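Asker: So the chains spell out like this:
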Amino acid sequence: DTEVTQTPKHLVMGMTNKKSLKCEQHMGHRAMYWYKQKAKKPPELMFVYSYEKLSINESVPSRFSPECPNSSLLNLHLHALQPEDSALYLCASSQRDGTVAMPQHFGDGTRLSIL
Amino acid sequence: AQKITQTQPGMFVQEKEAVTLDCTYDTSDQSYGLFWYKQPSSGEMIFLIYQGSYDEQNATEGRYSLNFQKARKSANLVISASQLGDSAMYFCAMREGRGDYKLSFGAGTTVTVRA
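Chain order of the listed sequences is F and R.
To convert, count from 1 in the first sequence and add 83; that's this note's numbering.
To convert, count from 1 in the second sequence and add 108; that's this note's numbering.
Read the hints as simulated data drawn from the structure, not as lab findings.
All values derive from a computational prediction rather than experimental measurement.
Each hint should be verified, as a subset may be incorrect.
Just a sample of chain R residues kept apart from chain F, beta carbon distances all over 12 Å, derived [unchecked claim]:
{"no.": "1", "residue": "Met119"}
{"no.": "2", "residue": "Glu123"}
{"no.": "3", "residue": "Lys124"}
{"no.": "4", "residue": "Glu125"}
{"no.": "5", "residue": "Val127"}
{"no.": "6", "residue": "Thr132"}
{"no.": "7", "residue": "Asp163"}
{"no.": "8", "residue": "Asn166"}
{"no.": "9", "residue": "Thr168"}
{"no.": "10", "residue": "Ser173"}
{"no.": "11", "residue": "Phe176"}
{"no.": "12", "residue": "Lys178"}
{"no.": "13", "residue": "Ala179"}
{"no.": "14", "residue": "Arg180"}
{"no.": "15", "residue": "Val186"}
Below are the DSS-like pairs computed for lysine-lysine, each with C-alpha atoms no more than 27 Å apart in a straight line [to be verified]:
{"no.": "16", "chain 1": "F", "residue 1": "Lys121", "chain 2": "R", "residue 2": "Lys111"}
{"no.": "17", "chain 1": "F", "residue 1": "Lys136", "chain 2": "F", "residue 2": "Lys105"}
{"no.": "18", "chain 1": "F", "residue 1": "Lys121", "chain 2": "R", "residue 2": "Lys124"}
{"no.": "19", "chain 1": "R", "residue 1": "Lys181", "chain 2": "R", "residue 2": "Lys210"}
Yeah, the Cβ is synthetic: ideal placement off N, Cα and C, and Gly gets one too.
Let the hints inform the model, and build the full structure from the sequences given.
Answerer: Here's what the structure looks like:
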């Protein structure tokens, strides 16, 4: 079992729906990340939160809206998605101590399908 | 420019044999970290091993070892005594010493272990 928990594991939604992905960690990490991964490709960074503040937005379309309510929780709100947004969405967390040495720990991901 | 290069899209290995996955990197930073992740078909990204740029010894974690050749900018992963459960995609990643917490991933190598 991973220490980063993502729900739901699978999500099918229409292009007009609004849904949210949830990510939770209890390792005391202060940096959290959202990645998008297409099949057989490496993960692509979407957002980084550091101490609950958005520090990096990799020019992600506004139909993806991240939220970090507290240090343990990270949400990704989805609205009016396109078929090309179908992918595996991975959440990760890491300690924030200013060194390069901290690995990111990933959840199992949410497999998202847009109809 | 590509920061992480994995030149082997796919590899087959016989059970109980060792396999080496190649990874070369490009950075001008003196401080950086190199990571290997395993991603089974289930989707979870599993952190395997870390090597710091200032580490003088090659990292080892159980059956995983990292052959770090700094002058050649390579960080190859060696998996000894392969098991069927090692079948997965493996990603090499680098984090540079700029404090933005980004991981640069390679394209990945798919390993299939044969009985």
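Asker: The structure should be examined with respect to each hint, and the outcome stated for every one.
Answerer: Structure-based check of all given hints:
1. Met119: holds, 14 Å
2. Glu123: Given a closest Cβ separation of 24 Å, the condition holds.
3. Lys124: holds, 27 Å
4. Glu125: holds, 24 Å
5. Val127: holds, 19 Å
6. Thr132: holds, 15 Å
7. Asp163: violated, 9 Å
8. Asn166: Label holds. Min Cβ-Cβ 16 Å, cutoff 12 Å.
9. Thr168: Thr168 (chain R) is indeed farther than 12 Å from all Cβ atoms of chain F, at 16 Å.
10. Ser173: Given that every Cβ of chain F is farther than 12 Å from that of Ser173 (chain R), nearest at about 17 Å, it holds.
11. Phe176: holds, 14 Å
12. Lys178: Lys178 (chain R) is indeed farther than 12 Å from all Cβ atoms of chain F, at 14 Å.
13. Ala179: Answer for Ala179 (chain R): holds, closest chain F Cβ roughly 19 Å.
14. Arg180: Holds, since 20 Å exceeds 12 Å.
15. Val186: Correct as stated: the minimum Cβ-Cβ distance to chain F is 19 Å, above 12 Å.
16. F:Lys121 to R:Lys111: Since the Cα atoms of Lys121 (chain F) and Lys111 (chain R) sit roughly 20 Å apart, the hinted pair holds (cutoff 27 Å).
17. F:Lys136 to F:Lys105: Judged against 27 Å, a Cα distance of about 17 Å means the pair holds.
18. F:Lys121 to R:Lys124: Judged against 27 Å, a Cα distance of about 31 Å means the pair is violated.
19. R:Lys181 to R:Lys210: Since the Cα atoms of Lys181 (chain R) and Lys210 (chain R) sit roughly 19 Å apart, the hinted pair holds (cutoff 27 Å).
In the structure shown, a violation is registered for the earlier hints numbered 7, 18, in ascending order.
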